[in-house]
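**Student:** Kindly produce the complete structure, drawing on both the sequences and the hints.
Below are the chains, spelled out letter by letter.
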Amino acid sequence: MDFTNKKILISDDSILARKQLKDVICRVGEGAEFIDASNGQEAIDKYKEFTPDITFLDIVMPVKDGIEAVKGIMEINKEADIIIVSSVGTQSQLKSAIEAGAKDFIQKPLDSSQVETLLQSHLG
Amino acid sequence: MFAQFFGNYLLNRKAVTPEQLSSAIASLTDTHIRLGTLAMHKGYMTAAEVDEVCFLQTREDKRFGEIAIERNYLFEDQLEDLLKSQNPDYLLLGQTLVDTGAISNSELEELMIEYQAENEIESPTDSESVEHTSKLIENFLLSAERPVSKYSVMYLNLVFNNLVRFIGEDFTPLSPVQTTGYETNYCVTQRISGQINCVSSIDMEPQTAVGFASRYAKMEFTEFDEYVKASLEDFLNLHNGLFSVNMSNEISMELTLDPPAQELDPVLTLSDNAFVIPVIYPFGTIYLILTL
Chain S
28 MDFTNKKILI SDDSILARKQ LKDVICRVGE GAEFIDASNG QEAIDKYKEF
78 TPDITFLDIV MPVKDGIEAV KGIMEINKEA DIIIVSSVGT QSQLKSAIEA
128 GAKDFIQKPL DSSQVETLLQ SHLG
Chain E
15 MFAQFFGNYL LNRKAVTPEQ LSSAIASLTD THIRLGTLAM HKGYMTAAEV
65 DEVCFLQTRE DKRFGEIAIE RNYLFEDQLE DLLKSQNPDY LLLGQTLVDT
115 GAISNSELEE LMIEYQAENE IESPTDSESV EHTSKLIENF LLSAERPVSK
165 YSVMYLNLVF NNLVRFIGED FTPLSPVQTT GYETNYCVTQ RISGQINCVS
215 SIDMEPQTAV GFASRYAKME FTEFDEYVKA SLEDFLNLHN GLFSVNMSNE
265 ISMELTLDPP AQELDPVLTL SDNAFVIPVI YPFGTIYLIL TL
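Top line first, the protein sequences correspond to chains S and E.
Position in the first sequence (from 1) plus 27 gives the number in the numbering used here.
Position in the second sequence (from 1) plus 14 gives the number in the numbering used here.
One or more of the hints may lead you astray.
[Unchecked claim] So, partial list: chain S residues that the calculated Cβ filter (under 7 Å) puts toward chain E: (1) 41; (2) 42; (3) 43; (4) 114.
These are calculated hints, taken from the structure and not from any lab test.
Ideal Cβ positions, reconstructed from N, Cα and C, are used throughout, including at glycine.
**Tutor:** Written as structure tokens, this is what we have:
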């Protein structure tokens, strides 16, 4: 896929999780510009600053969690493409994130074909 | 899972030294299971017969099965059975210890029979069942005179399965150790709260963490950096997340996880019900510290 001029915001408190998601995306396509955030508040601030084409949010994060970040981003842009990256054991929080406006979700450990399908549907 | 615990059984029986075990584990990946070890395990041949055929192989350019059949130690149908049968994984460790001279074939034969009887192993596929793994973990805790609670068995059953799944099956857990003060290397802790309260930590030396992270993240790390540190946190978080899901599904117990964090205290003060399990991998030893 061609991700030229596409901005992708990845928010996760784990630097490894951010790297793994970036690596998977880079295997799917080229040209994306990545923006990192390590907590929910930073994700809202970076969204406001960069208006990314797609945003990946972890649920369990310090300062503000993924659900609060979804709400904060939705206040900035109701049409924002937000994908929740959920870990095991966060099913009830995942439901809250979807209700708050997240468009889709993927589960850790990441499956590259699932990430590809998701990117095709949201950025293709 | 029987392979992993077989090493600890051998240590408890003082059949091998920790150094011999570590060295055998380190060379496991280079070892292939041999027909003689399998024949002995199935009860088709005695250790003495296997030793004799191995000796004859140094004199004659023939395969093991060929000589064993010529000597009437093995029948054709038994050979066929050995070649197609599913083999228990603990045999490989046993054979490696024979190869390195730590034990003899006859000692291995005896130890295998006792190990199978003690853990009620009847067929090679037993090692796949949850009941057998639980029994194995109960024996593991009992051998160290640790109290056996339903939750600690469930927790350890999952942690060993997750080590197999995410890090690799080439490990041996050593008996749990009780201590009040534990000196940390690089240690990550996560608290679980709810109807049960649990503090779980994973600790290892930086170089071991590099090996651990390389396997967990499926990336080739060479130095102890932030990705390596994050790998330890991610593994613990993933494991405890799976544990909380299992507890919810199996016994309707809802648990909450705190985010995992690095332990900054150089010495952990542990309560009476805490224990430390050293787990030996070829890349180093990791320490699971659990208060449950």
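**Student:** The structure should be examined with respect to each hint, and the outcome stated for every one.
**Tutor:** Now for the hints, and whether the structure bears them out:
1. Of the supplied interface hints, the one on residue 41 of chain S holds, with its beta-carbon coming within about 5 Å of a beta-carbon of chain E, less than 7 Å.
2. A least Cβ separation of about 5 Å between residue 42 of chain S and chain E falls short of the 7 Å threshold, and the interface hint therefore holds.
3. Taken as an interface hint, residue 43 of chain S checks out: its beta carbon lies about 4 Å from the nearest beta carbon of chain E, inside 7 Å.
4. Interface hint status for residue 114 of chain S: upheld, as the beta-carbon distance to the closest one in chain E is roughly 5 Å, under 7 Å.
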